[in-house]
Amino acid sequence: MLSPQITEKIDYELTKYPAEQSQAAVMSALRIVQTERGWLSNESMSEVAQYLGMPEIAVMEVASFYNMYDLAPVGKYKISVCTNISCMLRNSDEIVDHLKHKLGVEFNQVSEDGKFCLKEGECMGACGGAPLMIINNHTMHEFLTPAKVDAILDELK
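Residue numbers (my numbering): 538 to 694.
Keep in mind the hints are simulated off the structure, nothing from the lab. Some clues are possibly wrong.
Claimed, not checked - Below, computed lysine to aspartate or glutamate pairings styled on DMTMM-like, alpha-carbon distance capped at 25 Å:
{"no.": "1", "residue 1": "Lys613", "residue 2": "Asp650"}
{"no.": "2", "residue 1": "Lys553", "residue 2": "Glu593"}
{"no.": "3", "residue 1": "Lys546", "residue 2": "Glu557"}
Stated by the list, open to error - Derived CB-CB ranges, DEER-like:
{"no.": "4", "residue 1": "Thr552", "residue 2": "Glu643", "range": "22 to 32 Å"}
{"no.": "5", "residue 1": "Glu692", "residue 2": "Ala595", "range": "33 to 43 Å"}
{"no.": "6", "residue 1": "Ile689", "residue 2": "Pro555", "range": "34 to 44 Å"}
Glycine included, C-beta positions come from ideal geometry on N, C-alpha and C.
Given only the sequences and the hints, what does the whole structure look like? Please build it.
Rendered as structure tokens:
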């Protein structure tokens, strides 16, 4: 069951669209639920579908298409590293290798302590700051070096 806090936030998003177009708020609703629950279970997606009055499969299609939605539990901190061409040319592979070694994980794995999940990210639209990563879909860090990554991880611990 969606909490009152979630429904209040979704209701606010719904005010941005015509009443007969509630499905337009599906991406916002999924983001809101994921932010509160940490990931999107089948049950969560079903609740969103019911609340917005749309087929469950339509919600699942959206959630499975975009890489910002997590369909399985992730660590407390989801670290997405851009590996597209601009970041790759600015040594994102070095950052990825450093994170894999430091966290003891591969892509799509959660660290033993449950704190970190490493994801390969698509272009994040900030190529001028390459290489870069984003934490929990909200906090972007640019111009990464192994030392800068270590400082960021120390802040998160």
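Verification of the supplied hints:
1. Lys613 to Asp650: holds (10 Å)
2. Lys553 to Glu593: holds (22 Å)
3. Lys546 to Glu557: Given pair lysine 546, glutamate 557 holds - Cα atoms ~18 Å apart, limit 25 Å.
4. Thr552 to Glu643: 22 to 32 Å: Cβ of threonine 552 to Cβ of glutamate 643: about 42 Å, so the range 22 to 32 Å is violated.
5. Glu692 to Ala595: 33 to 43 Å: holds (39 Å)
6. Ile689 to Pro555: 34 to 44 Å: holds (42 Å)
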